[in-house]
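Required output: the full structure, derived from the provided sequences and hints.
Note that the protein sequences, when read in sequence, are chains X, E and H. Basically our numbering = 1-based index in the first sequence + 316. Basically our numbering = 1-based index in the second sequence + 64. Basically our numbering = 1-based index in the third sequence + 111.
Read the hints as simulated data drawn from the structure, not as lab findings. Being a predicted model, the structure only gives us computed values, none of them experimental. By construction, the Cβ of each residue, glycine as well, lies at the ideal position given by its N, Cα and C atoms. Please note: incorrect hints may appear among the correct ones.
Stated by the list, open to error - Cross-link-like lysine-lysine pairs, in silico, BS3-like; alpha carbons within 30 Å at most:
#: 1; chain 1: H; residue 1: K150; chain 2: X; residue 2: K586
#: 2; chain 1: H; residue 1: K223; chain 2: X; residue 2: K370
#: 3; chain 1: H; residue 1: K308; chain 2: X; residue 2: K586
#: 4; chain 1: H; residue 1: K223; chain 2: X; residue 2: K586
What the hints assert, rightly or not - For the chain E half of the interface with chain X, some residues (derived, Cβ under 7 Å), not all of them:
#: 5; residue: T72
#: 6; residue: T77
#: 7; residue: N112
#: 8; residue: L114
#: 9; residue: R133
#: 10; residue: A142
#: 11; residue: M146
#: 12; residue: Q149
#: 13; residue: R156
#: 14; residue: G166
#: 15; residue: L168
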Amino acid sequence: MSQLPRPDTAELRAKYPGVFDRPASARLAMPTMIAAAFAIFVYGLVDLDFSPTKLISGMSQLGWIAMLMIPPNPGTSFPLYMQALGETLSIALLGTTLAALLALPVSLLAARNIIPSNLIRFPVRRFLDSIRGVDTLIWALVWINVVGLGPFAGVLAIMVSDFGAFGKLFSEAIEAADRKQVEGIRASGGNALHEIRFGLLPQVLPVIAGQVLYFIESNTRSATIIGIVGAGGIGLQLAEQIRVLEWQKVSFLILMILIAVAAIDFISSKLRFAIIGQRAVV
Amino acid sequence: MLVVEGLTCRFGTKAAVDNASFSIAPGSFVGVIGRSGAGKSTLLRMINRLADPTSGRILFEGTDVTALRGKELRQWRARSAMIFQQFNLVGRLDVLTNVLMGRLAQIPSWRSLAQVWPEQDRALALSALDQFDIAQLAAQRADQLSGGQQQRVAIARALVQEPDIILADEPIASLDPRNTKIVMDALLRINKHFGITVLCNLHSLDLARTYCDRLIGMAAGRVVFDGAPAALTDQIARELYDLEANDVMGGAPMPAPDGTTVPALGTAAAA
Amino acid sequence: MARPFLSTQLRTGLQAPMATAVSILPAQQLATLEGAYRKSVARKRSKAALATAAFCAVLVIAAFGAEVNLRTLFTYFGNFVSYFDRILTLDSGARVWTDPAEWFWGWHKWLKMLGETILISYVGTLTGAVLAFSLNFFAAQNTSPGPWVRFTVRRLLEFARTVPGIVFALIFVIAFGLGPMAGVLAIAIHTTGALGKLFAEIVENADMKPVEGIRSTGASWLSCMRFAVLPQVSAGYASYALLRFEINVREASVMGFVGAGGIGQELVVAIRKFYYSDVSAILITIIVTVFIIDISTGWLRGRLFGKETRR
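Written out as structure tokens, the structure is:
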């Protein structure tokens, strides 16, 4: 049994002052932050006109609506809804694919290991960020002004807003790629194109494919709502039925969306596994 | 003849390689030894031009390698084939394509980018793989191979570059003893049979003494020893490796604690 | 190494004589190796080709479904460009940046709406995060009291996550009346669903080895949780919550489209009524705000939890 000698506290205290006496700022930081967060929260409730009476009456209203929703019933519009759902899925698929095709070359320009110069990379990044900062619904409104009402505007809206997101994600995937493999190509005498084609793309493409699939899935969700502003798909029907208070149809449409999203989720996770799991020659 | 003159590489204020000078005759097998962080890796990377020297020159057969640009630089990289500790293969490409990467500097870009490899290059790559008994793995993905197999693929890639000099950066540091022998033997054969110069970073002094005709010892970026393995006395080796000496020299086990040599707690780091 | 090396063989058709350490195999042996390689590569290639063809076919079907019309695109693409031209032009015909005061004439009102947007997302995110925090232990495999509870909570979270926030907002506007309250509740519910799932995943992925380590020093269960689990999960919780806040600011900016408060109301009016320069002014304020929020939450996350948890 060994025993460390009892340390001389005073000496240690002198040597490592920070360990024994944490400054007041460090000890108070957390409680202060929580108090501040709570204060803003309360201010927000007041400013946004929250009132208990409104909340209670709204809740009872909501309960009433929920009762009216059961059972879900499409009435005679089922074929129409199926067509709208197909439109939504098409919008998601096309919009995402087009966005990925556009984003891949641009993402190379935004990746530090391809373009070391800040001069090019920085504007490209900011450009992508600005596109991302605008919600899909806003893009849908803009495109409706350009190509008119209908699903095509939805495709373009999803394409543009995903282009921003993909550009950023792809460039991050490229930056995360293993440098050693690229270096192997360079050391063998490959040029910059070779480094990208043989060193980077084989590593990056499966990651990108996974991201695209994931986005197709999440875009099914986005595509359901762009109909609300008139860009086609099931959202158009949904907004319509909510406006005319046809609650049974509303609940049926929501159910359809849930099932469709679950189905896409299932398919895309299978595909993702297949892509990441195997395939040597890309 | 590879001549290195006053080669220096600084990262910030720290010199990874500090004023290194030596020359290497064609056909020699030179080991670069020293503790980790002594600058061995940076030295080799500078010769292949993966790292740029801060000052100094590298001359190969009279050509100033440090001044090369563009296509000529890539040709030089192909002529000074690099073998890495972590193999640096492209994991998701198949083995044959990885070996064909060694031909990139020789064939037109459109062919390589479209993967239309000349028939004779494919034959060369397959033959190189066959030399290391892994031709049957040609269609496998590189990242599905064991470490030893991957390093053999990497050597095959180096060979199809038809190099004048092979730069091996700790080629066996990630391998088990059996593969260590396979890889070192392969390098030795390439050196002895075909007269290709080998410049090899080694951490293990035992291996360096077994395989190399000449050793260059580095410490803190400087060349502190240059001579035949026999001239490297234990005394010098201890200075080279400092605390790691017992580790790399194989032999002597750690001294048994007998009360006098065991340092007191807390003083080891200061020693 | 089975075979000895053959003598150096100079290959013809290449440059000057060089040291070649590879001896070309006899033609027959090469052909066998080549054949085997081609065969196994061809199998992979045909699979990939098949997958590509199937994907293209689906795309074509989708193109019909979405009424994609390239001619429309080409005809109207000019409109897209000229749209940006128009939103960057003032009523007077001058470029917007020549007269910022005129361009941002409504900045007072817009900033107020923007503040409301941020508050909506703040209150919504915080409410959602608290709800998610209280629900996530029921949803995580290693902490859930029972499979039935877990199943129910998971389905609830899934529902809250899958139904888009704006659909909730549409319904809430009817139940609670027009105004930001509906937006807050919609965002809160959606956030609960999204964060609940992520939080539960963090709990499930928590490393139990530190717990063991702390326990081995003789600590109580509570100390184990405080010093081994909390440090692992709290950073992730806060990081995801901040990330969600960022997303919610974007989401809140469109809540006004359906009358649920925030800057969206102003924007949709400007777009629908063709107040072109207003559109660009509002868009720019939104983009700048999202930037600032992005950067500051990123900074906050880096500050609070070190570099490694950033994204």
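Checklist entry - When the hints from earlier in the document are held up against this structure, which numbers fail? => result The structure conflicts with hints 4, 5, 6, 9 and 12, although it agrees with all the remaining ones.
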